[in-house]
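The listed protein sequences correspond, in order, to chains H and Z.
Final position of the first sequence in our numbering is 387; the numbers increase by one with none missing.
Final position of the second sequence in our numbering is 407; the numbers increase by one with none missing.
Simulated from the structure, these hints should not be mistaken for lab results.
Possibly wrong hints are sitting among the right ones.
Lysine to any residue pairs mimicking SDA-like chemistry, simulated, CA-CA at most 25 Å apart [stated by the list, open to error]: (1) H:K381 with Z:Q290; (2) Z:K314 with H:N266; (3) Z:K314 with Z:G326; (4) Z:K257 with H:A243.
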Amino acid sequence: MPADAAMAMDERIKTEPFFARLMKRPELGAIGGVILVTIFFMITADSSMFTLSGIMNFLTPAAQLGILGIAAAMLMIGGEFDLSIGSMVAFAGMIFGVLTVNLGLPLILSIPLTMVFAAGVGAVNGMIVIRSGLPSFIVTLAGLFILRGASLVGLKLFTGGSTQLRGVREAVEGDILAPVFSGDAFGFVFRWLSEIGLIEKFRSGAPKVPGIPVEILWFVLVAAVATYVLLRTARGNWIFAAGGDRNAASNSGVPVDKVKIALFMATACAAALVAVITVIDSGSTDARRGFMKEFEAIITAVIGGCLLTGGYGSAIGAFFGAIIFGMVTIGLTYTNFDQDWFQVFLGGMLLIAVLFNNAIRKRVTGER
Amino acid sequence: MTIDTKFHHGDPVNVAPIVEMRGIEKHFGNVIALNGVSFDIRPGECHCLLGDNGAGKSTFIKTMSGVHKPTKGEILFEGQPMSFSSPRDAMEAGIATVFQDLAMIPLMSVTRNFFMGREPKKGEGIFRRMDLGAANDICVEEMRKMGINLRGPDQAVGTLSGGERQTVAIARAVYFGAKVLILDEPTSALGVRQTSNVLATIDRVRKQGVGVVFISHNVRHALAVGDRFTVLNRGKTLGTATRGEITPEELQDLMAGGQELAQLEGSLGGTI
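Here chain Z stands alone, though its shape is the one from the complex (with noise of 0.2 Å):
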């Protein structure tokens, strides 16, 4: 394996990571999906997760968010050795996962959807009900914030475009007091507009505080938001490279491990 001289591990912004991941190893029986995979992402930074299908880029995010447990290998959270035994676990440390189905019933209204499993609640004893007139309020505040006017809170979540509802899925997460964010393919399904919204969200987000991991395996839209890139291929890191550091072609090639894509290319004649 060659590594690009460019790429370099670790990075001169000196803020501490939020979470760590150093030398993950995850084996399926005889199948080894992860085979070393380091990774950090530190507060405020969109940290791009780039691979092709079947690089084991899942797997690694469902590592990060407590679904699987690593074979082998240590995760810090904030600088702590951590052990997550369940999503939930995760969830509560402050790591979100935004995955592809997004998590929304598109019958119920965006509130409580917003809302589902977290419910504000007032009142006592039997007449502790769910708090609808705050669940809205502040529903449609984070919209607001989120760049999203909404109809009302009681719109159902169907009406609602796959870039909006990527968006009440990243607000949910924000709101709910994500440190990390993991956002698993957001702009796969979306068109041109609706990627730029997504985009541009991950942007506000960012500029909370917050460490995205963007995976992703369009190039394109990696680079538009990303601060730092690590290119996985084969269950393996390549490496991290930081933002003009790289040019989309290198990063293209990395992902598909090299020599066929070039190949490929250049019977095409352009980029993909």
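Chain H on its own, in the form it takes in the complex (with noise of 0.2 Å):
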């Protein structure tokens, strides 16, 4: 600050301190969470679970719903709540499927199509919120059936009675695009790392890791540009005015309507997008894909501090609280722990979160 600036300051503000200051980011809890879980599961868990091999392995879980917890967290910023996300991820594989399989479409054509049909679905559920000026909560609740059942029908229908559509990996087989979207990336940097013998590896001489899974790249890459969309673009100040208060938004010239369609169209293309990085990974689609996604993709924005009631929040909270997720679900078979304690911790989690986040929004606002 400049010093006449400093010499102007208001003696009755307090100059904060940077921990006051910190206590004021969204991310916080988050980042805070993942300190903390780390903590339990250093002291409980094997110790095989920080090891490079055990890192990817709760880092991939992490991954594939982060990319959806990221853009249910923008939607929430944004006001508006998608629970039909997980049976998207279902309808949207089962497109995919269809696409790759049955029309033995390449996937240049399959994803993009797959991409389009989602957003057609993002766009027709943001169209009836706007319209009509329901919750999208019941809304969306209304697609989570719709689209699940359509997906079952649908599988049926195409594969002639199976609930499972199979040989999507032969059908993508050779692809020059399917590297993009499965198996590992940056494998030679593995490999030159095990041969330095900077890592671990096998016998053979292969690195135990391979490469590191793509959909964590792809989750790193969800959440650099969302970052840099809320906090650094002006359509990231028209999604939290439009969530703050969306008559104050519009009287200002913010065009919210388009603003939560558009996220709504982006969520359900997240959701595809988890789809076909799935799909591809196991080969197969079914119509229990994504089941329960939508909300592990809330409580992953709650934990990333978003509050429900929009306007507040961030795509970096909720990286990091796909990561707790994902550290929370592995771990527990790295410790002696019944396995099932899995969904008591998820609860607690999401209380501490959400009782947290309103503390923190008080002091934003200053509320007294």
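Reassemble the complex: the two chains are provided individually, in unrelated frames, and hints are given to aid placement.
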């Protein structure tokens, strides 16, 4: 701050300590959570959890959930919910499976087409919410059932009675785009690192970790793009404004309806991306894909500092929220605890996060 | 209807008005909300529009700011007949309205609120982004001009007092080129100190050559800064008075339509 401004400072305002400033960041809770969970598993879990392969092990599910969670966080900041994203994963998976297996389209066509389908469904969701003025909670709850049911019926229709569509791996074999959406990236780096002895290798000489699973790269990319959009672009400002107070925003010239519909479309596309990655990875798609993911994504966003009332939150927070999620899911298998503690843990985290966020919001707005 | 002899239409100051409204009528179905209202606003003056609840103040400013289309009557903007089809049109022409809800979002920073919907940008293509540095500097500077030292441009609006928020809204409108600033009861929810801050802000804005339309039902606040006073009662203007021509009691009387309040005042033994 320039000297003259410092002199003109209001004498009634105390200088804020660094810690208090930190407390106002929406993502603080999630980062604190990651540290706590890490300490917890450092003490209780087998030491192999924090080896390179162990880390990849828990980051992979974190990444799949995180892509959904970040999209859900953006939508929540924009003041809406989407409960249909879990079912959207199954629906988009079905579309993608049909396009690649039944129609034999290459990925360069099938992936964009899947995205277009998903975006279309997202736009319809958004349009209904905007036009009717109903809470998105109830509109997308309908979407949750409709899409899940449509995936079941559709899969049976296209496979002749089965709820699983196989043969995706064979269909995408050799496709130039396949490495972008499946397998491990940067294999050569890991081979080189193992050769010079920096990372562990099998007796055969191959590194224990063959590379970074691509979903982790997508996860990081989505987090980076979302953060950039939210904090550094005018669109980001509109998202916060639309969620903060739609009347105030539209009185100031923010195209609130367009912003919200675009967010619904982006969320559906994120679900489609997760569908494409996981379907190629497992080689088949089924109607249970993405089951309960809508709730997990919302929990991720809330742990990441999003307020349920909208207008506040962060993509980085959701990023760390997803990592907490992955650590807890996978981490419990490294401990002696019963794995079914997972859901208790999850509910507990959610409760703590909501209480914490509420306190933070009061600090930010200076409510008394 | 009796018109006090001290009232006169028109004004001795010979500056062309920015906005002139003649014989405005607005009907909602069979309800006549405005029944012949004439009003004008000149650059650098504060024209107070006074009226009790239900007098038609809100309908009138909504007509002026482009929300409503008048049923009858004409609006001249800088001498030209004008018909605004949306508040956005009016805003672009230079008529800014600060409504009571202020169009502010408490959880967002002052800068983000200040530039909401009109963000300064830099960069090209996909790297086209909000110029936060410039936005922060402008915001702090504009607020300092209005006499408010922000803790920082990232301070949330929720932490500001009501008067400060009002000032942010006014500073924003002025910064974005308002020629006419319509303030809808800016002091109605404020304490004494905050009210005087807002009145001081109005004075600063007026000195910059902006025409301020100050809507209020508080005669004292109006008299403190107003140059001219127009009273609206039951959808009609009762005339315009210039500063020094009229006493608070007379204004009060006109607002209430005369008789009833006079009796009330007698029984209460003071002014309201």
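Check the hint pairing K257 (chain Z) with A243 (chain H) against an upper bound of 25 Å on the C-alpha distance. holds (19 Å)
Do the alpha carbons of K314 (chain Z) and G326 (chain Z) lie within 25 Å of each other, as the hint requires? Distance ~28 Å between K314 (chain Z) and G326 (chain Z) Cα, so the pair is violated.
Are K314 (chain Z) and N266 (chain H) close enough, with their CA atoms no more than 25 Å apart? With Cα atoms ~24 Å apart, K314 (chain Z) and N266 (chain H) stay inside 25 Å; holds.
Tell me if the straight-line CA distance from K381 (chain H) to Q290 (chain Z) falls inside 25 Å. holds (13 Å)
Consistency note: the structure conflicts with earlier hint 3 alone.
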